Amino acid sequence: MHGLARKNRFLDQTIDARARLMVLVAAVLLLATYFLPLWNLTMFAPQYPEGLRLDIYSYTLVGGNHGQDIKEINVLNHYIGMRDLVNQEFTEFQWMPFVIGALGLLMLRTVVHATVAALVDVTMLFVYFGAFSLWSFGYKLYRYGHDLSPTAAVQVPPFMPPMFGGQQIANFEVYSYPRAASYAMAGTIVLLLGALGWAWWQARRAAPRDEVAGPAAS
Amino acid sequence: MESQRSHAWARVLILAVAAAAATQCTPSRPASRAGGAAVQSDLALAAQRTYVAPGDLDEYYMFSSGGHSGSVYVYGLPSMRHLVTIPVYTPYPATGYGFDDDSKKMLGELTWGDAHHPALSETKGDYDGRWLFINEMNGRIARIDLRDFKTKQILGPIPNLHGNHASSFVTPNTEYAMMATRFSRPVPNRPVGVDRYATEYKGIIAGIKIDPQSGEMSLAWQLLMPPFDYDLGDAGKNASDGWMFFTSYNTERATGKLEVTASQRDRDYIAAVDWRAVEKAVASGAGEMIDGVRVIDTKRVPGLVYLMPCGKSPHGVDVAPNGNWIVGSGKLQGVTTVFNFEKVQTAIRNKDFTGEEDGIPVLKYESIKDAEVPVGLGPLHTQFGTDDWAYTSLFVDSAIAKWKLGTWEVVDKAPMSYSIGHLAAAEGDTVSPDGNYLVGLNKLSHGRHLSVGPSQPESSQLLDITEEKMKLLYDAFTEPEPHYAQIIKADKVKPIEVYPKEENKHPLAVWDVNQTGVTRNGNRVTVKMVAVRSTLTPTDFEVNEGDIVTVAITNIEQTTDELHGFGLLDYNINVVIDPGETKTVTFTAKKSGVFAYYCTNFCSALHQEMQGYMVVK
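Protein chains in written order, with the working numbering: chain U, 1 to 218; chain A, 1 to 617.
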């Protein structure tokens, strides 16, 4: 009984200025996802010493070399029967910026309505959103590597393109790494968890007196 | 015992050798080349200076005329590697030139041309890397755009002028290129017996106006000149900007066996043309229209042309970087003559004339000459380096002479293998030559290469001119036949690598396989085709025998080096389409049956599958 009450008391507490600042910075970091790429895929081959580059933003795909690289990747992929990488295939691009915006607004709300409960909610939502996005990205890659046309000129066994790191696929060295916007999102999560941790630590520091005072009173 | 006898024998042998050496005999090689030091290069230097490691880029482009092959050949310097061939006056299946509708129309009825003097466009007397002009004997001049290294325009054959040798020679701001007659004939052309050559035949100098934005050439004016053979030229620059100089031979006005009859006079002429004055005369309405061209008779309009006497049968005339010295090389002499432009102006002002030719004043030789430089036998052309160095090719001596402007001192000679014609120094005909490299464009190679039978390649030899002595670096064997070449610093040329899709305004271009197809209008059939790895779409089409078929192929690639071809078997058709380009080819479906078309320019792993059928019913 005491435990639950204590927890509720903790959730109802307001977070201090330092934690609020961390949440504010976490929200501001999200702006990066509107300007900077989340992920990058780069493919090198003997014929492509400069590499073919594909940047994934929260709302679009951008090929290197003024967009030419994405066309080239699609031309090459059609030989193994892979579907074209086109924006229409990614429903994420429709809702992802909106969801990030909504989560950012929730964070700003937490800065103003600064309860630990609100902070826990937005942190949980954002971590869930981040994890879902990663899974969704991985699943997309998996589908691209597995839904190969049965009539393709070159038959290759279905494969999982790299998500994090490098891999040799036929004559291509393929590298896949997160880019600035993903690091910004990771920063957001770190700051939210940090704010939560800070709030908990503050509460804990304050708690022993209460606890000592509590039993003495009963 | 044994050793004493062998000593005796050794003494006898030494005596015998000494006796043999003392006797006179014919050397195995000419004394001038004994030891071969002069013709062989310093191997370490040559290797270091010319070796361009795989993947590395050359320092200069050399645009070399291909003579009667009708093409321009592009080499990289200092490696002397052949980079690409630019077809101009002749079909070239490798790029489909002369097969598609546009280039076929540009070539007209002529399928050869004798290309001579490439001229890079200039701004303030320096190469600007925009265009390359090149003349041709059948009265034509062409423009190559250096944005894509393609021939964009062929002007001519223009009326009145016959045998366009003294061309292209652009003016310092590419206002004009020039053309001039080598084979005088009646103007307008009509059948007049050769016995009336001296009076009825005429030479023509033509000004070709160049649009400063587009480079489009148009025939601006012609000057009616005495019936000499106009040979070479160069535009005045700096001090002499506004003037144009042409050498002439056969000022004897002879016919028949010219090698004798045209070599009688000790001096022929360099014609100095005040082209700004010509422009003014044209603006004021001078001249008359002959065969649709404004022709100004130099006899009736004075002050446009003056003749500078130059011995003997001069070939090249080259204006030094400062513009004040004009070097004329009499090919049947042992000296090259340097004229002073200031003195030429003074002589014109003072009417310091010694005579006239058809009303054109002849300037007094002694009043306009600065020096006769004893360069050697058969001087032809002069190029310039840094620090007032000049380099003159010597055909008869088969060598290059290095000498100094101002002091007129000849300091070095480099033997050439063999019989050098033109020579080209790095930016060596501009207002600011680079020095560094010099290429001798030789007429004969005489087996300095693996034997390839009687039809031997020409040789182009690269020399280092950074030091006091010229040093031979490299022998390259170039496509016939380099006349002149120009060498431009690589960073001045900025070519594109694909044709951007946005720029393709071709009315028959399609960028999506769904827009391809066949349309018919009477007996005219248009096939809109897309080429992309690795399909030509449509993959088949049907026409009727006798139809006039236009196939418009768009290469929708935007990737560098992804060229596609369209070869149609049995119809003598091969078109090559660069990334982003649309080309059309029109033909009459004369033969019925089934004919395959396929990609001729290897493109991809499934290039062999890039094929289709035309069915002619």
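Calculated from the structure, these hints are not laboratory results. It cannot be assumed that every hint is accurate.
[Unchecked claim] As a list, the in silico EDC-like pairs of lysine to aspartate or glutamate whose alpha-carbon atoms are at most 20 Å apart:
1) Lys299(A) <-> Asp274(A)
2) Lys364(A) <-> Asp388(A)
3) Lys312(A) <-> Asp274(A)
4) Lys404(A) <-> Glu468(A)
5) Lys71(U) <-> Glu503(A)
6) Lys404(A) <-> Asp370(A)
7) Lys71(U) <-> Glu497(A)
8) Lys71(U) <-> Glu467(A)
9) Lys152(A) <-> Asp370(A)
10) Lys494(A) <-> Asp570(A)
11) Lys71(U) <-> Asp388(A)
12) Lys152(A) <-> Asp397(A)
13) Lys71(U) <-> Asp512(A)
14) Lys617(A) <-> Asp570(A)
15) Lys492(A) <-> Asp266(A)
Fair warning: this is a prediction, and the values are worked out from it, not measured in the lab.
Verification of the supplied hints:
1. Distance check on the hinted pair: Lys299(A) and Asp274(A) sit about 15 Å apart at the alpha-carbon level, within 20 Å; holds.
2. Using a Cα cut-off of 20 Å, the hinted pair Lys364(A) and Asp388(A) is violated, with the two alpha carbons roughly 26 Å apart.
3. Our distance criterion of 20 Å between C-alpha atoms is broken by Lys312(A) and Asp274(A), whose separation comes to about 24 Å.
4. With a CA separation close to 11 Å, the supplied pair Lys404(A) and Glu468(A) stays within the 20 Å bound.
5. With a CA separation close to 18 Å, the supplied pair Lys71(U) and Glu503(A) stays within the 20 Å bound.
6. For the given pair, Lys404(A) sits about 13 Å from Asp370(A) by alpha-carbon distance, which is consistent with the 20 Å threshold.
7. Under the criterion of a C-alpha separation no larger than 20 Å, the hint pairing Lys71(U) with Glu497(A) is consistent with the structure, at around 16 Å.
8. With a CA separation close to 52 Å, the supplied pair Lys71(U) and Glu467(A) exceeds the 20 Å bound.
9. For the hint linking Lys152(A) to Asp370(A), the alpha-carbon distance of about 42 Å lies beyond 20 Å, and the restraint is violated.
10. Distance check on the hinted pair: Lys494(A) and Asp570(A) sit about 39 Å apart at the alpha-carbon level, beyond 20 Å; violated.
11. For the proposed pair Lys71(U) and Asp388(A), the alpha carbon gap of about 54 Å is over 20 Å, so the pair is violated.
12. Using a Cα cut-off of 20 Å, the hinted pair Lys152(A) and Asp397(A) is violated, with the two alpha carbons roughly 40 Å apart.
13. Straight-line distance between C-alpha atoms of Lys71(U) and Asp512(A) comes to about 13 Å, which keeps the hinted pair within the 20 Å bound.
14. A hinted pair counts as satisfied when its Cα atoms are at most 20 Å apart, and Lys617(A) with Asp570(A) qualifies at roughly 16 Å.
15. This hinted pair does not check out: Lys492(A) and Asp266(A) have alpha carbons roughly 43 Å apart, beyond 20 Å.
In the structure shown, a violation is registered for the earlier hints numbered 2, 3, 8, 9, 10, 11, 12, 15, in ascending order.
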